[in-house]
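Asks: In case you want the letters, here they are:
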Amino acid sequence: MKDEFSKFKQMRSEGRTAAEAYQTAKADGELFALRMLRTVYGLSLPDAKRVSGVMEKLYAPQTPVVGGKVYWEGSDTIEGTWIMEATVDDIRDGFVCVSKHRKFLIQPNGLEETLANGAVDRIPKSYFAKSLLNRLSEAASFWRELAEA
Amino acid sequence: MDEQHCDSIMDLTDEQRQQIANLGLLPEQVEQVRLGREVAFDFRTESAVGVALLQVSNVILRCGILEINDPGGGLLTFVRFRNHAFNLARSLGIHHVELFGMAVVNPELRELLIRQSFMPREVTCPDDLGGGPEMVEILAKVFVLK
Numbered sequence: 001m002k003d004e005f006s007k008f009k010q011m012r013s014e015g016r017t018a019a020e021a022y023q024t025a026k027a028d029g030e031l032f033a034l035r036m037l038r039t040v041y042g043l044s045l046p047d048a049k050r051v052s053g054v055m056e057k058l059y060a061p062q063t064p065v066v067g068g069k070v071y072w073e074g075s076d077t078i079e080g081t082w083i084m085e086a087t088v089d090d091i092r093d094g095f096v097c098v099s100k101h102r103k104f105l106i107q108p109n110g111l112e113e114t115l116a117n118g119a120v121d122r123i124p125k126s127y128f129a130k131s132l133l134n135r136l137s138e139a140a141s142f143w144r145e146l147a148e149a
Numbered sequence: 001m002d003e004q005h006c007d008s009i010m011d012l013t014d015e016q017r018q019q020i021a022n023l024g025l026l027p028e029q030v031e032q033v034r035l036g037r038e039v040a041f042d043f044r045t046e047s048a049v050g051v052a053l054l055q056v057s058n059v060i061l062r063c064g065i066l067e068i069n070d071p072g073g074g075l076l077t078f079v080r081f082r083n084h085a086f087n088l089a090r091s092l093g094i095h096h097v098e099l100f101g102m103a104v105v106n107p108e109l110r111e112l113l114i115r116q117s118f119m120p121r122e123v124t125c126p127d128d129l130g131g132g133p134e135m136v137e138i139l140a141k142v143f144v145l146k
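These protein sequence lines are chains A and B, in that order. Each residue of the first sequence is one higher than the last, beginning at 1 in the numbering used here. Each residue of the second sequence is one higher than the last, beginning at 1 in the numbering used here.
Next comes chain A alone, as it looks inside the complex (with noise of 0.2 Å):
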């Protein structure tokens, strides 16, 4: 019988990770993809819904509404790079107005939450029109054409 997740156990054996595998994963549909998460990564289903969420929001184009989440990078020469996430209180005149902010700096073992000091409440709306990984790399790309310049 045909192993429906060898090509996973492959990407695993491969060093790839679970959000990797994941996005291969889902063209199958989500109930599969957290199948195979559980499956050959082991995950919690817990931890499994967290990896598919935060997918989602790297990958997709953000569309503020009130009352929803938006989320945006940052980096400073002290704290690395962050992803910061509020809460949609308004849209008006072209901008998001936020607040609730949650900071998470980007660690190598993952996201580790931190206080949001001096986060900005108003954000031009269009910011939120490419997606977060994109905005992410381009601000990599932005940190070492300057550690390199």
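No lab work stands behind these hints, which were simulated from the structure alone. Backbone N, C-alpha and C define an ideal beta-carbon position, used for all residues, glycine too. There could be a bad hint or two in this list.
[To be verified] Below, a sample of chain A positions facing chain B; criterion: calculated Cβ distance under 8 Å:
#	residue
1	Arg35
2	Leu45
3	Pro46
4	Val51
5	Arg102
Given chain A, put chain B in place with the hints provided.
Replies: Quick look at chain B alone, frame taken from chain A:
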């Protein structure tokens, strides 16, 4: 009722089978529902996609959400899901519906459900989600349909 199996095997008309299938279940999944199994399935409505679970007996319909994505839907997302479950129960002649959220990782959603009297309990991870010895928390509430 054991969340994985129940003793009731239901007789379903073709129309009832179609109503279950309208939630996104494949024919073989509808058959598993008829046999009383808890079935996880890719869920799709007019506005939302996700992963849901369904188990039906002659006395209660259990319907839960593992994941749901309804951009801009907010609380209406859950109202619509609830309505789908209630309508299905009525069409099957069932008067009790247990709605639940499985592995709720969003702290605000968890708080909202608990405020709405959804009670936490641990269940075994469904076979359709990989099974195994892992216990998973659900937040559940039973509704009696008039």
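Asks: Give a verdict on every hint.
Replies: Structure-based check of each hint:
For A:Arg35, the shortest C-beta to C-beta distance to chain B is roughly 5 Å, which falls under 8 Å, so the interface hint holds. With 8 Å as the threshold, the beta carbon of A:Leu45 comes within range of chain B, its nearest partner Cβ sitting at about 5 Å, so the hint holds. The beta carbon of A:Pro46 is positioned within 8 Å of a beta carbon in chain B (closest approach about 5 Å), and the interface hint is therefore held. Interface restraint check for A:Val51: the shortest CB-CB distance to chain B comes to about 11 Å, outside 8 Å, so the restraint is violated.
For A:Arg102, the interface hint is violated, since its Cβ never comes within 8 Å of a Cβ in chain B; the closest pair sits about 10 Å apart.
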